[in-house]
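Each number in our numbering corresponds to the 1-based position in the sequence shown with 85 added.
Hints should not be assumed to be uniformly reliable.
Each computed DSS-like pair below joins lysine-lysine, with the alpha-carbon atoms no more than 27 angstroms apart [unchecked claim]:
hint: 1; residue 1: Lys272; residue 2: Lys116
hint: 2; residue 1: Lys261; residue 2: Lys114
hint: 3; residue 1: Lys296; residue 2: Lys229
Hint data in this document are derived by calculation from the structure and do not stem from the laboratory.
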Amino acid sequence: MIIIVTAITAFAQQPAFKGGQPALTDFLKAKIVYPEYSRQNCISGTIDVSFQLDNNGRVTSAKVQRGLGIDLDDEALRVIKLTSGRWTVPAGYAPTTSLVQPIRFDPEATRCGLTTPANMQAAIDDYKKRQELENAVTNYYINKYQGKADLSKESYIIALKKQLGFDDDLISDLLKQASQKLKQGDKEGACTDWNFIRNIGSNKADGFIAKYCTAP
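Can you build the whole structure from these sequences, using the hints too?
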């Protein structure tokens, strides 16, 4: 996995990542967890994330300025948020100033070397089409846990899960992904993965949710 991080768009007397651009590059390389769908489908791309910094170097108002509309966007946004508190901000800096950080994702060359731009675009298009079906699954189980689901639709939902590849292998990969995020101190990101597992009808993340994601 290669992540190329290019320099932030900035001018004189702008904030700097502690340790400089090389330190930022190393930090992001260490923190990126290549999203499962894009990893499996060999999707590469550059995601531009805009954000602001308060006077203590904490990240605020982070959002994807230009992305692909897939899981790479979410991961780029997640790791930018992890840089919070690691910036040196000059005196008199306006916290409403927006910075833009482009992050380049490239999947492993040995497995994805034969992937063409057409293959990637087809996978991106498929991801967007999948979202409606995925939402049908997650909404069903959220409602089921609340006692509101139409149980007569369960066989249809199970068929959708099979179509989407929501199986034990995916759940195993998501558990590993969540574990990586937790080790980085990103409990919010880990909880997102664990709750997704629960919301596709599996109880394999329930212990983690109870331990890390339940409000005191």
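Quick rundown of the hints versus the structure:
no.	hint	result
1	Lys272 - Lys116	holds, 13 angstroms
2	Lys261 - Lys114	holds, 18 angstroms
3	Lys296 - Lys229	holds, 22 angstroms
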